[in-house]
Amino acid sequence: QKEVEQDPGPLSVPEGAIVSLNCTYSNSAFQYFMWYRQYSRKGPELLMYTYSSGNKEDGRFTAQVDKSSKYISLFIRDSQPSDSATYLCAIYNNAGNMLTFGGGTRLMVKP
Amino acid sequence: GAVVSQHPSRVICKSGTSVKIECRSLDFQATTMFWYRQFPKQSLMLMATSNEGSKATYEQGVEKDKFLINHASLTLSTLTVTSAHPEDSSFYICSARSRSGGAYYNEQFFGPGTRLTVL
Chain A
3 QKEVEQDPGP LSVPEGAIVS LNCTYSNSAF QYFMWYRQYS RKGPELLMYT
53 YSSGNKEDGR FTAQVDKSSK YISLFIRDSQ PSDSATYLCA IYNNAGNMLT
103 FGGGTRLMVK P
Chain B
2 GAVVSQHPSR VICKSGTSVK IECRSLDFQA TTMFWYRQFP KQSLMLMATS
52 NEGSKATYEQ GVEKDKFLIN HASLTLSTLT VTSAHPEDSS FYICSARSRS
102 GGAYYNEQFF GPGTRLTVL
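Going down the list, the sequences are from chains A and B. Position one of the first sequence corresponds to residue 3 (the numbering used here), numbered consecutively onward. Position one of the second sequence corresponds to residue 2 (the numbering used here), numbered consecutively onward.
Just so you know, the hints here were simulated from the structure itself, not pulled from any lab data. Think of the CB as a built atom: it goes at the ideal place given N, C-alpha and C, for glycine as much as any other residue. A hint or two may mislead.
As a list, the in silico BS3-like pairs of lysine-lysine whose alpha-carbon atoms are at most 30 angstroms apart [to be verified]:
| hint | chain 1 | residue 1 | chain 2 | residue 2 |
| --- | --- | --- | --- | --- |
| 1 | B | K67 | B | K15 |
| 2 | B | K56 | A | K44 |
| 3 | B | K42 | A | K44 |
| 4 | B | K67 | B | K21 |
| 5 | B | K56 | A | K4 |
| 6 | A | K58 | A | K4 |
| 7 | B | K15 | A | K4 |
| 8 | B | K21 | A | K44 |
| 9 | A | K69 | A | K4 |
| 10 | A | K112 | B | K65 |
| 11 | B | K67 | B | K42 |
| 12 | B | K65 | B | K15 |
| 13 | A | K58 | A | K112 |
| 14 | A | K69 | A | K58 |
| 15 | A | K58 | A | K72 |
| 16 | B | K42 | A | K112 |
| 17 | B | K56 | A | K58 |
| 18 | A | K44 | B | K67 |
| 19 | B | K56 | B | K21 |
| 20 | A | K72 | A | K4 |
| 21 | B | K65 | B | K21 |
| 22 | B | K15 | B | K56 |
| 23 | B | K15 | B | K42 |
| 24 | A | K69 | B | K42 |
| 25 | B | K42 | B | K21 |
| 26 | A | K4 | A | K44 |
| 27 | A | K44 | B | K15 |
| 28 | B | K56 | B | K67 |
| 29 | A | K44 | A | K58 |
| 30 | B | K67 | A | K4 |
| 31 | A | K69 | B | K56 |
| 32 | B | K42 | B | K65 |
| 33 | A | K72 | B | K42 |
What follows is a set of in silico ranges between Cβ atoms, one per label pair, in the way DEER data are often shown [to be verified]:
| hint | chain 1 | residue 1 | chain 2 | residue 2 | range |
| --- | --- | --- | --- | --- | --- |
| 34 | B | S55 | A | K112 | 43 to 53 angstroms |
| 35 | B | C14 | A | N57 | 39 to 49 angstroms |
| 36 | A | N95 | B | K65 | 35 to 45 angstroms |
| 37 | A | K58 | B | K15 | 42 to 52 angstroms |
| 38 | B | F40 | A | M110 | 19 to 29 angstroms |
| 39 | B | P87 | A | R79 | 36 to 46 angstroms |
| 40 | B | F40 | A | S14 | 18 to 28 angstroms |
Throw the hints in and build the complete structure from the sequences for me.
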């Protein structure tokens with residue numbers, strides 16, 4: 003079992019839809035949770051960063067962490083074609099000193 | 002966020018040659034730098050971690066004699082792919098993290114990547 007699991011998609015939605023992206027993880031020692039966005043042939047860009055259970059909102063993006071279920075989500079409201087990219091969840095274990103990435107979910111927002 | 006640059010962005014080389022990729026943190030001091038490899042439609046695979054002034058720590062299965070990493074300063078790390086072969090063709094991405102306080106403490110920022118094609 004991979005430490006971080008993520009549905010690869012692709013996920014295709016119409017413009018304006020609410021998008022839900024999810025990851026599960028197995029190691030309860032994981033402490034910090036990130037979402038990165040990666041456009042084709044570009045490096046990942048940090049979108050959201052949280053370390054506690056609950057919701058964190060930033061504009062159209064909401065990151066949600068449920069440590070009891072080892073489940074993290076990223077919600078995108080009013081999705082735009084420019085949101086089309088691969089979204090990677092990443093989890094940081096302070097003791098391990100490294101990020102563990104999910105496989106990435108490819109999102110396509112159609113105009 | 003902080004800026005991490007990579008050079009070159011794209012390189013094509015003949016089999017058997019060596020290629021050097023530079024990674025720079027432009028507005029913060031990176032105490033730790035990471036090198037990843039990414040194949041098409043796949044996630045990032047960590048190759049090695051380097052701390053400034055120390056030898057790099059390689060992940061299992063990564064040949065340290067083939068992928069030479071140097072982290073000589075707090076703003077520069079280099080990855081040299083030695084005697085490159087077509088199977089080394091991939092997208093190489095560096096990442097930098099500051100553990101020394103400041104606005105970017107403990108966040109990890111990625112470079113734009115270098116696409117290597119070995120003929």
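Against the structure, the hints come out as follows:
1. K67/B / K15/B: Given that 30 angstroms is the threshold and the Cα spacing comes to 16 angstroms, the pair holds.
2. K56/B / K44/A: Holds, because 28 angstroms separates the two Cα atoms, which is no more than 30 angstroms.
3. K42/B / K44/A: Holds: K42/B and K44/A sit about 13 angstroms apart, inside 30 angstroms.
4. K67/B / K21/B: Within the cut-off at roughly 12 angstroms; holds.
5. K56/B / K4/A: 28 angstroms, holds
6. K58/A / K4/A: Answer holds: K58/A to K4/A is near 26 angstroms, not above 30 angstroms.
7. K15/B / K4/A: With Cα atoms ~36 angstroms apart, K15/B and K4/A exceed 30 angstroms; violated.
8. K21/B / K44/A: 19 angstroms, holds
9. K69/A / K4/A: Between K69/A and K4/A the Cα gap is close to 17 angstroms, so the pair holds against 30 angstroms.
10. K112/A / K65/B: Given that 30 angstroms is the threshold and the Cα spacing comes to 44 angstroms, the pair is violated.
11. K67/B / K42/B: 24 angstroms, holds
12. K65/B / K15/B: Holds: K65/B and K15/B sit about 21 angstroms apart, inside 30 angstroms.
13. K58/A / K112/A: Answer holds: K58/A to K112/A is near 26 angstroms, not above 30 angstroms.
14. K69/A / K58/A: 14 angstroms, holds
15. K58/A / K72/A: 16 angstroms, holds
16. K42/B / K112/A: 20 angstroms, holds
17. K56/B / K58/A: 38 angstroms, violated
18. K44/A / K67/B: 24 angstroms, holds
19. K56/B / K21/B: The given pair, whose Cα atoms are some 17 angstroms apart, holds under the 30 angstroms limit.
20. K72/A / K4/A: 13 angstroms, holds
21. K65/B / K21/B: 14 angstroms, holds
22. K15/B / K56/B: 28 angstroms, holds
23. K15/B / K42/B: 25 angstroms, holds
24. K69/A / K42/B: Within the cut-off at roughly 28 angstroms; holds.
25. K42/B / K21/B: 24 angstroms, holds
26. K4/A / K44/A: The hint holds at about 25 angstroms.
27. K44/A / K15/B: 24 angstroms, holds
28. K56/B / K67/B: 15 angstroms, holds
29. K44/A / K58/A: 26 angstroms, holds
30. K67/B / K4/A: Distance ~27 angstroms between K67/B and K4/A Cα, so the pair holds.
31. K69/A / K56/B: Outside the cut-off at roughly 35 angstroms; violated.
32. K42/B / K65/B: With Cα atoms ~25 angstroms apart, K42/B and K65/B stay inside 30 angstroms; holds.
33. K72/A / K42/B: 25 angstroms, holds
34. S55/B / K112/A: 43 to 53 angstroms: 48 angstroms, holds
35. C14/B / N57/A: 39 to 49 angstroms: Holds - the Cβ-Cβ distance for C14/B and N57/A, about 47 angstroms, lies within 39 to 49 angstroms.
36. N95/A / K65/B: 35 to 45 angstroms: 23 angstroms, violated
37. K58/A / K15/B: 42 to 52 angstroms: 48 angstroms, holds
38. F40/B / M110/A: 19 to 29 angstroms: 20 angstroms, holds
39. P87/B / R79/A: 36 to 46 angstroms: 44 angstroms, holds
40. F40/B / S14/A: 18 to 28 angstroms: 23 angstroms, holds
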